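There are 2 protein chains.
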Amino acid sequence: MEPSKQELLEAKGWKIGTVSDFLDLTPEETILVEIKLALSKSLKERRQKMMTQSELAGKIGTSETRIAKAENSDASVSLELLIRSILATGATPKDIGQIISDVG
Amino acid sequence: MEPSKQELLEAKGWKIGTVSDFLDLTPEETILVEIKLALSKSLKERRQKMMTQSELAGKIGTSETRIAKAENSDASVSLELLIRSILATGATPKDIGQIISDVG
DNA sequence: TCTATTTATATCATATCTGATATAGGAAAG
DNA sequence: CTTTCCTATATCAGATATGATATAAATAGA
Chain A
1 MEPSKQELLE
11 AKGWKIGTVS
21 DFLDLTPEET
31 ILVEIKLALS
41 KSLKERRQKM
51 MTQSELAGKI
61 GTSETRIAKA
71 ENSDASVSLE
81 LLIRSILATG
91 ATPKDIGQII
101 SDVG
Chain B
1 MEPSKQELLE
11 AKGWKIGTVS
21 DFLDLTPEET
31 ILVEIKLALS
41 KSLKERRQKM
51 MTQSELAGKI
61 GTSETRIAKA
71 ENSDASVSLE
81 LLIRSILATG
91 ATPKDIGQII
101 SDVG
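Just so you know, the protein sequences line up as chains A and B, in that order. Just so we're aligned: the first sequence equals residues 1 to 104 in the numbering used here. Just so we're aligned: the second sequence equals residues 1 to 104 in the numbering used here.
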C-alpha cells in the first residue's frame, strides 16, 4: 500500500464506507483497511475492560505510545502489532478470526 | 517478536507443536507464529488453484520472489504481505477469518 | 481548584520489511 | 539434451515500522 493511501487510517472518526469513495483504493486495499480498523476498534474495547494501555504495552514489550497509536488506527501501526496487542488481551485465534470475518 | 525467534519460521518442514518446545516462545508468540504458518499454507493452496506466483505478484505490485517467500513462511514476510497476497487470490474477510479461527 | 493517572501526539535513531535483481533448481515438453 | 516455465534462495538499497523519549491533553478524584 502506498503511503498516501495509508493516510485514510488517520481519518479516525470517519464513517467506514466513505473512505474508499474518497481515496482510490482497490477492493482489496479497502478490505485490508477495514480489517485494520476493525482490529483497532476491537483492541480498544477489549483492553479497556481489563487494563491500561501501559499495562498492555508491558505485556508485549512495547510502549504505551504504540498502544495508543494502535487503538487510534495510526498509519504507522502494522497488522503484526495489532494482532500481537489483541493476543495480549487474551484473545484466541477464534476471537481474531471472528473480528476479521465480521468485516464483510 | 525478536529476530532470533523469527528463525522458527524458517523451519519450514517442521511439525507444528514442536516449535514452541524448541524455542522459548510465550503462548501469544506461539499463536502468532501458527497464524502466520496457517496463512502461508492457505495462500499456497489457494494460489496454486488459479495462477502462478508471478501472476499473483503482479496483482499486488510485488515480485514473484516475495510470493515464494510468503508461501514458504520466510521470516522476512510480514503479516501484512500475507494478508494482501491472500486477498489477491479473491479471499474474503470471512475466508481469512476462518483460516485464523482454525488455528486454535 | 490541585494532583495523579491515563491517554494522545510528535520526533527520531534503529530495526525490520520491502521491491528489485541475480541466479539456480526443478519439472514438463519437444 | 535443450528450452521453457515455474519456483526457490541470496543480497541489497531504500522504505516503512519500531521502541524510546518528550510533552501535552484529557480524565478522575480529593
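Read the hints as simulated data drawn from the structure, not as lab findings. Certain hints may be false.
Below, a list of computed lysine-lysine pairs in the DSBU-like style, where the Cα atoms sit at most 30 Å apart [stated by the list, open to error]:
id, chain 1, residue 1, chain 2, residue 2
1, A, Lys44, B, Lys94
2, A, Lys94, B, Lys44
3, B, Lys94, B, Lys44
4, A, Lys94, B, Lys94
5, A, Lys69, A, Lys44
6, B, Lys94, A, Lys49
Quick list of simulated restraints, FRET-style, between CB atoms [unchecked claim]:
id, chain 1, residue 1, chain 2, residue 2, range
7, A, Asp102, B, Lys41, 20 to 30 Å
8, A, Thr52, B, Gln48, 22 to 32 Å
9, B, Glu80, A, Lys41, 11 to 21 Å
10, B, Lys49, A, Met50, 20 to 30 Å
11, B, Thr92, A, Lys49, 26 to 36 Å
No experiment lies behind these values; they were computed from the predicted model shown. Don't be surprised by glycine CBs; every beta carbon is placed ideally from N, CA and C.
A quick look at each hint next to the structure:
For the proposed pair Lys44(A) and Lys94(B), the alpha carbon gap of about 22 Å is at most 30 Å, so the pair holds. Between the alpha carbons of Lys94(A) and Lys44(B) the distance comes to roughly 22 Å, so the proposed pair stays at or under 30 Å and holds. Distance check on the hinted pair: Lys94(B) and Lys44(B) sit about 18 Å apart at the alpha-carbon level, within 30 Å; holds. Only pairs whose Cα atoms come within 30 Å are accepted, and Lys94(A) paired with Lys94(B) is accepted, the gap being roughly 12 Å.
Using a Cα cut-off of 30 Å, the hinted pair Lys69(A) and Lys44(A) holds, with the two alpha carbons roughly 11 Å apart. Distance check on the hinted pair: Lys94(B) and Lys49(A) sit about 26 Å apart at the alpha-carbon level, within 30 Å; holds. Between Asp102(A) and Lys41(B) the beta carbons are some 23 Å apart, a value that agrees with the proposed interval 20 to 30 Å. Thr52(A) and Gln48(B) have their C-beta atoms about 46 Å apart, which leaves the hinted 22 to 32 Å range violated.
A hinted range of 11 to 21 Å for the beta carbons of Glu80(B) and Lys41(A) is consistent with their spacing of about 18 Å. The given range of 20 to 30 Å is broken by Lys49(B) and Met50(A), whose C-beta atoms sit roughly 42 Å from each other. At about 29 Å, the beta-carbon gap between Thr92(B) and Lys49(A) stays in the expected band of 26 to 36 Å.
Comparing the model with each earlier hint shows violations of hints 8 and 10; every other hint is respected.
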